[in-house]
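2 protein chains.
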Amino acid sequence: MTKDEDRANFPSDAVIVSIDAMGGESGVEAIIGGIEISAKINPDIRFIVHGDSAKINALLQKTPALTDLVDVRHSDKVIEMHVKPAQAVRGGKGSSMWNTIQSIKDGEATVAVSCGNTGALMMMSVLRLRKLPGVSRPAIAVLWPSRNPSGYNVMLDMGADIKADAKDLLQYAIMGASYARNGLGLTRPRVGLLNIGTEDNKGRPELREAAELIEATQEASDLEYIGFVEGSDMPSDRVDIIVTDGFTGNVALKAGEGTAKLIGQFLRDAFTHSTMAKVAALFASGPLKRLKNRIDPRRVNGGVFLGLNGTVIKSHGSADAIGVSAAIKLAFKLAKNGFSEKLAARVASAAAASKNTPSKTDEA
Amino acid sequence: MTKDEDRANFPSDAVIVSIDAMGGESGVEAIIGGIEISAKINPDIRFIVHGDSAKINALLQKTPALTDLVDVRHSDKVIEMHVKPAQAVRGGKGSSMWNTIQSIKDGEATVAVSCGNTGALMMMSVLRLRKLPGVSRPAIAVLWPSRNPSGYNVMLDMGADIKADAKDLLQYAIMGASYARNGLGLTRPRVGLLNIGTEDNKGRPELREAAELIEATQEASDLEYIGFVEGSDMPSDRVDIIVTDGFTGNVALKAGEGTAKLIGQFLRDAFTHSTMAKVAALFASGPLKRLKNRIDPRRVNGGVFLGLNGTVIKSHGSADAIGVSAAIKLAFKLAKNGFSEKLAARVASAAAASKNTPSKTDEA
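Protein chains in written order, with my numbering: chain D, 170 to 533; chain U, 170 to 533.
Just so you know, these hints were derived from the structure itself, not from any lab.
Each hint can be trusted.
Put simply, identical chains are the same to the list, so a pair is met inside one copy or across any two.
Here are the simulated lysine to any residue pairs, SDA-like style, with alpha carbons at most 25 Å apart:
| # | residue 1 | residue 2 |
| --- | --- | --- |
| 1 | Lys253 | Phe397 |
| 2 | Lys253 | Ser401 |
| 3 | Lys371 | Ala255 |
| 4 | Lys461 | Ala446 |
Here the structure is a predicted model, which means the values were calculated and not measured.
Turn these sequences into a full structure, and let the hints steer you where they fit.
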């Protein structure tokens, strides 16, 4: 069977999402469940689903409404969660992850989603899609709950790379701003650099250098540089995009998630530790549910890979159907807004501008 | 007046804490309030209080029970919160902060507490007390709420220095273990190195080198090395001491604090957004209070400076009387256990051991 024979007859104006059905901790069920939720909410979306076709088709038979919306592509291989990225890439051709990315490369789909191994997905995405001209390190951007009107801040890099120099941080700022415009609908997003204090003299030398570079690009890149921010600003409403290297970002993100989980457990403990407390929990069920919804990590599922020729979204490995549908929703939004092309144009224009303006290094 | 004339007649077996009454955001009131709480709970403790004697004495007159427990020492100068450390040190002689540290150096007090400018307090402490032989970078250690039986994990460095090489991280592990033994009463604390994954091949080169060094010192330093941990392990019960550089540690700590604060606000919102919710809050007041106490940041107030000839505790700048009393309680516990001497002995024996065991660098 060739792709053409295989291919479902999708409307030409539909947004097509390429999805890896394998490699997540909750199995193919979570993927098909997520597709089902998304398809109900959004009739304009179509899916190319890669993986074990027997498993996928068995699940699809239970939901006939999806028949015309999903194009199933069989893959023999699965990239396991704990395989090293280099190893995954070496033996990865023909895997569901590889094929999911390939659908973007071939122009069949606009955006890709996978719940699999993050390192492998990033390395394979870089290999297949290639970095945008001028991008040295791609980044992973996530949304973090904040006091902003949108309810979120954008944070990057969350662990695509363990290092970032001043120029990388500048690019993260530009790419993060483009993501905030297309993902959160902000016109002139405010960018802060993550540091251990807000005074100009604080922190590592590359941060002070990056601060100068970002400040200089404010007008050209339609962003507002607000200076250094701290870990405590992750939920703040004084910033929209928090820029940092992938090591610090990954630790900060997990520190925040871990803290939220601990408090969630303390809250359950508090409302179950005695009969009185359990009765109180009944009376408080409304507000408690409201709180739970507000901090539900499934609502902000999806790390977006920035800096490649194409948009790839990494869903949490443990995402259930609701989590997967959140990642699909984000994929749809970005595809609909033409995010990949807009991001590429932003990066290209920033690269052109930096050639015209001699940087400190050029002067030296 | 000389110090001897000035000095209160403290019992020879009392633990004497030197306290900086100035420089905190809640004023002298919080310090005297904290002393009052601590003195009630613990009759064996005495205080040398440095600062504006007029203000201090005015407050002490309202609490006659403290008269024999507090020795007031006047200082003209205050180190302000946002002065740069180097500037604070240059003009710092005779300030309440300087004199608070000096009481340790002179052997009048066993441990020092200040709510003032962290950077200035660290720099002044290093200058006056000097680093322990063999220590290259002192560290700030804090307690973080965890699922461990003690209720806490130790984290260091929280921002004494923005960098740490493999040998610094080894020393943090040894010093952190000594702190956990004396502060949390653990016999063989478990040490983890903060990284962005738990696999041995993850992260920065200095982390892999530090992992080998810490593993090699396990027996000699009475600690158990459990490998890499992630930001999500901050509240975990699989580790007692989380070792990291001061940049990452500071960001992680503030990310956790910021998240806790955001959830606290969401919780208040949930229980006030409607009349029904407000009624529910009345029924739920018991469990909610229980939760609030459990995540009250005042209960774990106090960053301990490790690696100096003497123990200095940095209280939160915004600490109120309850927060100050928590810092005093920690100071008392460490002083009572002879922590400064035990830490110095640990560091000295580790330094001696490393001279006998050729390190990788020596072989090269």
